[in-house]
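> This is what each chain is made of:
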Amino acid sequence: MILVVPVMVITLMYFMFGNAPHPPGAPTPFHNACLILLGLFPLFLMFIITSITMQRERASGTLERILTTPLRRLDLLIAYGTAFSIAAATQAVLACGVSFWLLGFDTAGSPVWVFVIAIVNAVLGVGLGLLCSAFARTEFQAVQFIPLVMVPQLLLAGIIVPRALMPTWLEWISNMLPASYALEALQQVGAHTDLTGVAVRDIAVVLGFALAALCLAAATLHRETP
Amino acid sequence: MRVARGSITGLLGPSGCGKTTLIRCIVGTQLIASGTVRVLGLPAGSSPLRHRIGYLPQDPTIYNDLRIVDNVRYFAALYGFDSDAAYSAIDRVGLSDHSTAYCGNLSGGQRTRVSLACALVCRPELLVLDEPTVGLDPVLRADLWEQFTDLARGGTTLLVSSHVMDEADHCGDLLLMRDGLLVAQTTPNQLREDTGCTSLEDAFLSIITRNTTRQAG
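Sequence lines, in order, name chains A and B. The first sequence begins at 436 in my numbering and counts up one residue at a time. The second sequence begins at 422 in my numbering and counts up one residue at a time.
Chain A extracted, bound-state conformation (with noise of 0.2 Å):
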């Protein structure tokens, strides 16, 4: 499911933009949609199974169970990064090589930068769920974090509304959240042959957002509870 779904997706989007007019010269509409698929869909994704997965860990007490072993709390987010991570790797692989080799999909930059992006925004899908699951008491509440964290800043990253056009105060709330720095840094690859100072930025600050995230879900996992 998690490697499959995002080609499927992607697919899905090639054969509906198949026939769309877009003015000439301009790049066409699957290739914003798929460039903004690539980056993002390992942000969302990672962020569901990350949430849900460590909120049943500490509601089946394994987590209590785990925290009386000598595994420290580092390692165990260390090795649920790593494995959602190499999960999240595959599946950026699978959806930029059906999407580069396929689908006729381009970038002005390299592929490898839309990949890289892809894999720090996985990361920050992983810190994040790791941190909404210590708020979530059932699973059902988990997956209500989904339109609560997710959406919004899917919607002020700047997909529908380009970030300039909006409001000031929007402008601001935008400029505070991860997927708008995460949509800029694709955004720049697709459109510039080298690497520019403003995506090294912004892949710093996404990468600071996930390490931040991360750091906070540590402080979540207390091993004594009342």
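There could be a bad hint or two in this list.
So the derived list for chain A, only partly shown, Cβ under 8 Å to chain B, looks like this [said to hold, decoys possible]:
#1 GLY496
#2 LEU502
#3 THR504
#4 LEU509
#5 PRO582
Source of the hints: derived by calculation from the structure; they are not laboratory data. These numbers come from a predicted model, not from an experiment. Idealized CB from N, CA, C, for every residue including glycine.
Take the given structure of chain A and dock chain B to it, following the hints.
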């Protein structure tokens, strides 16, 4: 209260009396409200202890979407043991024939045994078992108690909680709890002598009544 090394101590009392809370204090997952808990000479919950304590939570805490052998191997790995240790732990709880079955398909009693194997796999100095025999058939219960006795003879300290008084006879020492307080620390024979009852069930009831009247008076 103190628990002697290399013995089986039974922690008995009605449900809701604080057995699990006390056990969670000992394994270091409970915020201790007051008092001190020292385990094997160290403060409860300190990190060197985590290599030396095996813990069986009351509910079978295993991964239902993994096979038995993967569950036990996982916990073995957390303590730094290899899969041989995992197989011998599975053998101890009598599940060798099912070792590749998925835990979600097992019966309640079988799941308890998988969970127990996960606690036995680290060959701990102190084994803390929260109601290990709940929901098991009499044959298996007798078999497990025999194993606990074997472990104690080998030098392992066991602390076993139960609300079935009949099981108290397997224990060297008894801790009787009620409403969050330790009512008595005794042995099965001493308890019978003190109360003049032949069954431990009656003996416990009489201790409780005696306590309640003393408090009231």
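> Using 8 Å as the Cβ threshold, decide whether A/PRO582 counts as touching chain B.
violated (27 Å)
> Using Cβ atoms only, decide whether A/LEU502 comes closer than 8 Å to chain B, and label the hint accordingly.
holds (7 Å)
> Can we keep the A/GLY496 interface hint, with Cβ of chain B closer than 8 Å?
holds (4 Å)
> Is the hint on A/LEU509 kept, meaning its closest Cβ partner in chain B is under 8 Å away?
violated (13 Å)
> Using 8 Å as the Cβ threshold, decide whether A/THR504 counts as touching chain B.
holds (4 Å)
Of the hints listed earlier, those the structure fails to meet are numbers 4 and 5, in rising order.
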